[in-house]
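Chains as they are written, first to last, in this note's numbering: chain D, 74 to 157; chain C, 74 to 157; chain S, 3 to 159; chain V, 3 to 159.
Rather than coming from a laboratory, the hints here were simulated on the basis of the structure. All values derive from a computational prediction rather than experimental measurement. C-beta atoms are modelled at their ideal positions from N, C-alpha and C, and glycine is treated no differently. Any given hint could be a false lead.
Label-pair distances were calculated between CB atoms; the ranges are [unchecked claim]:
hint, chain 1, residue 1, chain 2, residue 2, range
1, V, 51, D, 139, 26 to 36 Å
2, V, 139, D, 134, 12 to 22 Å
3, D, 125, V, 21, 35 to 45 Å
4, V, 148, D, 98, 33 to 43 Å
5, V, 153, D, 126, 46 to 56 Å
6, V, 139, S, 136, 46 to 56 Å
7, V, 21, D, 124, 39 to 49 Å
Chain V stretches covered by chain S per the calculated footprint, using a threshold of three residues with CB under 8 Å from any CB of chain S [stated by the list, open to error]:
hint, region
8, 55 to 69
9, 102 to 110
10, 124 to 132
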Amino acid sequence: MTVTVLYFARFREQLGRDQDTLALEGVDTVMALRQHLAARGAAYADVFAGSGPVLAAVNEVMAHAGTPLRDGDVVAFFPMLTGG
Amino acid sequence: MTVTVLYFARFREQLGRDQDTLALEGVDTVMALRQHLAARGAAYADVFAGSGPVLAAVNEVMAHAGTPLRDGDVVAFFPMLTGG
Amino acid sequence: MSVDTRISSDALPVQLASDWLHASAGASGAVVLFSGLVRDERGDVSLLALEHYPGMSERVLAELAQQVMAVWPLQRVLAWHRVGAMAPGEVIVLVGVASAHREAAFEAASCLMDLVKTRVPLWKRVQGAGGMQWVDARDKDLAAAARWADRFPLPGQ
Amino acid sequence: MSVDTRISSDALPVQLASDWLHASAGASGAVVLFSGLVRDERGDVSLLALEHYPGMSERVLAELAQQVMAVWPLQRVLAWHRVGAMAPGEVIVLVGVASAHREAAFEAASCLMDLVKTRVPLWKRVQGAGGMQWVDARDKDLAAAARWADRFPLPGQ
Chain D
74 MTVTVLYFAR FREQLGRDQD TLALEGVDTV MALRQHLAAR GAAYADVFAG SGPVLAAVNE
134 VMAHAGTPLR DGDVVAFFPM LTGG
Chain C
74 MTVTVLYFAR FREQLGRDQD TLALEGVDTV MALRQHLAAR GAAYADVFAG SGPVLAAVNE
134 VMAHAGTPLR DGDVVAFFPM LTGG
Chain S
3 MSVDTRISSD ALPVQLASDW LHASAGASGA VVLFSGLVRD ERGDVSLLAL EHYPGMSERV
63 LAELAQQVMA VWPLQRVLAW HRVGAMAPGE VIVLVGVASA HREAAFEAAS CLMDLVKTRV
123 PLWKRVQGAG GMQWVDARDK DLAAAARWAD RFPLPGQ
Chain V
3 MSVDTRISSD ALPVQLASDW LHASAGASGA VVLFSGLVRD ERGDVSLLAL EHYPGMSERV
63 LAELAQQVMA VWPLQRVLAW HRVGAMAPGE VIVLVGVASA HREAAFEAAS CLMDLVKTRV
123 PLWKRVQGAG GMQWVDARDK DLAAAARWAD RFPLPGQ
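Build out the structure end to end from the sequences listed, making use of the hints.
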């Protein structure tokens, strides 16, 4: 299946990009996607296997580690929110 | 001694006047003045010996029953406050 | 630090109040402005009239604003109260603060409103179907004001 | 009952927000309007920039306003948030409500601000002496938002 992955704020800067489009096999939850991303290289490991909190949204709704992924999903990863 | 007594809101209407200037003997606290006023007639009795709360200020500062009175004081009587 | 209080029989200019509070921007991160309006009570109220004790009302309002300024870290405090006759929808009272922090701003503005309702010599009556009626003090307002009693002891001789 | 939410890269018009909230006057007896401003931190901050997740930020903000409307008796709820670059003193966010009662108005406005700070996908950075820095989430904001957790459960799939 194919998912679009978006990166925001500090993560976008650390990765030097704002999105990836990934063809995935056997990656069927947010946590599995996060582990998959952590293995893509040093910058990805810093973001996805580092000590800072990683929030996720699937199709613009806040998600948790076990949220299932489906073909065509848009998954966004971002740090803690600091609006207002 | 002489004191000026002011009446506000419902009290002013019940008494049909907004102030009295009184020459007093032996009336030396707010409570004593209130009792003195209650004896002045039916309308005064309704206000000053009735069941409703009576607030008082002496020289524009909130007072209590035992607040002493001095010559020249301005004493105001009024019902509960309802601003805002 | 700056305080602006007034009692006025003219319409209260909301925008002027808002502009004044926002003018401390930069230092302040938070402005809260409360407007109290004459409610029509679904058509039951056609007029509201506010009587005050001239001299004392101004002085008490100014003192309350100063006291609130002393309790919370505020840059500006505003309290404008209207007296006289007002129609439904008109502004009775404006209370606002500017502060570095929003928690302080909300708490201070809410406190000052509670105190204005119960400590300034003001009396309200409304014109309804049954003629002009004095409004009774509400237990809810007294309870709200009682929350602040320890930090704002009642004056008294 | 009416809700107005927006995310905008233009300056937020405080007066327009205030006017809209006051336009339900008559039914409403209380308007509370909160403005969040860029603090200069005594000269340490020269610029603030807000990034958002377009699409999601608008949707979450609108949902929060609707949820607040469902919890308190409100006539109007407004939540306008600015994104992009801002100077100290400029307005970042406006949150306001109109209600029949002031207790509801203060509580609802304060709650909505707590939720806006912690649930809308927005990220702040500031330009200071050390260059452009991402702002960390504050424990205080998370604690403030946690007060409402039972009435405003977090969405999630």
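Evaluated hints:
1. V:51 x D:139: 26 to 36 Å: Between residue 51 (chain V) and residue 139 (chain D), where Cβ atoms are some 34 Å apart, the hint holds.
2. V:139 x D:134: 12 to 22 Å: The hint (12 to 22 Å, Cβ to Cβ) holds, given that residue 139 (chain V) and residue 134 (chain D) are roughly 20 Å apart.
3. D:125 x V:21: 35 to 45 Å: Since the Cβ atoms of residue 125 (chain D) and residue 21 (chain V) sit about 42 Å apart, the hinted range of 35 to 45 Å holds.
4. V:148 x D:98: 33 to 43 Å: holds, 39 Å
5. V:153 x D:126: 46 to 56 Å: violated, 24 Å
6. V:139 x S:136: 46 to 56 Å: Hint holds: Cβ distance 51 Å, inside 46 to 56 Å.
7. V:21 x D:124: 39 to 49 Å: holds, 48 Å
8. 55 to 69: violated (count 0)
9. 102 to 110: That given contact holds, which follows from 5 residues of the region 102 to 110 of chain V lying within Cβ reach (below 8 Å) of chain S.
10. 124 to 132: With 0 residues close enough to chain S, the hint is violated.
The structure is inconsistent with the numbered hints 5, 8 and 10, although it conforms to all the rest.
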